[in-house]
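Could you put together the complete structure from these sequences and hints?
What the sequence shown shows, in this note's numbering, is residues 1 to 98, in sequence order.
Derived from the structure by calculation, the hints contain no laboratory data. A hint or two may mislead.
EDC-like cross-link-like pairs, simulated, lysine to aspartate or glutamate; straight-line CA separation at most 20 angstroms [stated by the list, open to error]:
| id | residue 1 | residue 2 |
| --- | --- | --- |
| 1 | Lys51 | Glu33 |
| 2 | Lys51 | Glu11 |
| 3 | Lys19 | Glu44 |
| 4 | Lys51 | Asp82 |
| 5 | Lys14 | Asp53 |
| 6 | Lys81 | Glu70 |
| 7 | Lys71 | Asp54 |
| 8 | Lys85 | Glu96 |
| 9 | Lys95 | Glu83 |
| 10 | Lys66 | Glu44 |
| 11 | Lys66 | Asp53 |
| 12 | Lys81 | Glu91 |
| 13 | Lys14 | Glu33 |
| 14 | Lys41 | Glu23 |
| 15 | Lys66 | Asp54 |
| 16 | Lys95 | Glu84 |
| 17 | Lys41 | Glu27 |
| 18 | Lys71 | Glu60 |
| 19 | Lys19 | Glu42 |
With beta-carbon atoms standing in for the labels, derived distance ranges [unchecked claim]:
| id | residue 1 | residue 2 | range |
| --- | --- | --- | --- |
| 20 | Ile87 | Thr37 | 42 to 48 angstroms |
| 21 | Glu91 | Ser61 | 41 to 47 angstroms |
| 22 | Asn77 | Gly31 | 34 to 40 angstroms |
| 23 | Thr37 | Lys88 | 33 to 39 angstroms |
| 24 | His76 | Asn50 | 29 to 35 angstroms |
Every residue, glycine too, gets a C-beta built ideally from N, C-alpha and C.
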Amino acid sequence: MKEIRNLQLSEFQKQVINKLDDEYWYENNVGYENSITILNKELEFLIRINKTDDTASINESLESCKSRIEKSLNNHNQLVKDEEKRIKLLELILKENK
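Here it is as structure tokens:
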């Protein structure tokens, strides 16, 4: 169980902190009242959890992340298809000029 300093956290925030393993750590946000920031061990920002957050808001965040990944993959796949078309054309041009 992680040490929870003398912070005024919601029960949900405390539950989240207690679920964190050694891959993650949290810090209290001075500029964001009643929120914690969770970072990975590379100190990369992952999420901010406010005092008003709960399971429903985390589910919304999860769905939003999944949606962004799907859109990004679709964009990437389209880019790959476009580049494959360019490669095919460039190879044709080179073949004709031999």
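Checked hints:
1. With a CA separation close to 8 angstroms, the supplied pair lysine 51 and glutamate 33 stays within the 20 angstroms bound.
2. Annotation: proposed proximity of lysine 51 to glutamate 11 holds, straight-line Cα distance about 9 angstroms (limit 20 angstroms).
3. Taken as a hint, the lysine 19 and glutamate 44 pair is honoured in the structure, with Cα atoms around 18 angstroms apart against an allowance of 20 angstroms.
4. With a CA separation close to 46 angstroms, the supplied pair lysine 51 and aspartate 82 exceeds the 20 angstroms bound.
5. A C-alpha spacing of about 12 angstroms is found between lysine 14 and aspartate 53, which places the hinted pair at or below 20 angstroms, so the restraint holds.
6. Taking the CA atoms of lysine 81 and glutamate 70, the gap is about 16 angstroms. The hint holds against a cut of 20 angstroms.
7. Distance check on the hinted pair: lysine 71 and aspartate 54 sit about 26 angstroms apart at the alpha-carbon level, beyond 20 angstroms; violated.
8. As the CA atoms of lysine 85 and glutamate 96 are separated by approximately 17 angstroms, the hinted pair is consistent with the 20 angstroms bound.
9. This hinted pair checks out: lysine 95 and glutamate 83 have alpha carbons roughly 18 angstroms apart, not beyond 20 angstroms.
10. For the hint pairing lysine 66 with glutamate 44, the CA-to-CA distance comes to about 19 angstroms; that is within 20 angstroms, so the pair holds.
11. Our distance criterion of 20 angstroms between C-alpha atoms is met by lysine 66 and aspartate 53, whose separation comes to about 19 angstroms.
12. This hinted pair checks out: lysine 81 and glutamate 91 have alpha carbons roughly 15 angstroms apart, not beyond 20 angstroms.
13. A threshold of 20 angstroms between alpha carbons decides the hint, and for lysine 14 with glutamate 33 the separation of about 16 angstroms falls inside it, so the pair holds.
14. With a CA separation close to 6 angstroms, the supplied pair lysine 41 and glutamate 23 stays within the 20 angstroms bound.
15. Proximity of lysine 66 to aspartate 54 is assessed by CA-CA distance (about 19 angstroms); at most 20 angstroms being required, the pair is judged to hold.
16. Proximity of lysine 95 to glutamate 84 is assessed by CA-CA distance (about 16 angstroms); at most 20 angstroms being required, the pair is judged to hold.
17. A hinted pair counts as satisfied when its Cα atoms are at most 20 angstroms apart, and lysine 41 with glutamate 27 qualifies at roughly 12 angstroms.
18. For the hint linking lysine 71 to glutamate 60, the alpha-carbon distance of about 16 angstroms falls within 20 angstroms, and the restraint holds.
19. Using a Cα cut-off of 20 angstroms, the hinted pair lysine 19 and glutamate 42 holds, with the two alpha carbons roughly 19 angstroms apart.
20. At roughly 44 angstroms, the beta carbons of isoleucine 87 and threonine 37 sit within the given window of 42 to 48 angstroms.
21. Evaluation of the 41 to 47 angstroms hint for glutamate 91 and serine 61 yields a pass: the beta carbon distance comes to about 45 angstroms.
22. The supplied range of 34 to 40 angstroms is met by asparagine 77 and glycine 31, whose beta-carbon atoms lie about 39 angstroms from each other.
23. Checked against the hint of 33 to 39 angstroms, the C-beta distance between threonine 37 and lysine 88 comes to roughly 47 angstroms, which is inconsistent with it.
24. The given range of 29 to 35 angstroms is respected by histidine 76 and asparagine 50, whose C-beta atoms sit roughly 32 angstroms from each other.
Of the numbered hints listed earlier, those contradicted by the structure are 4, 7, 23.
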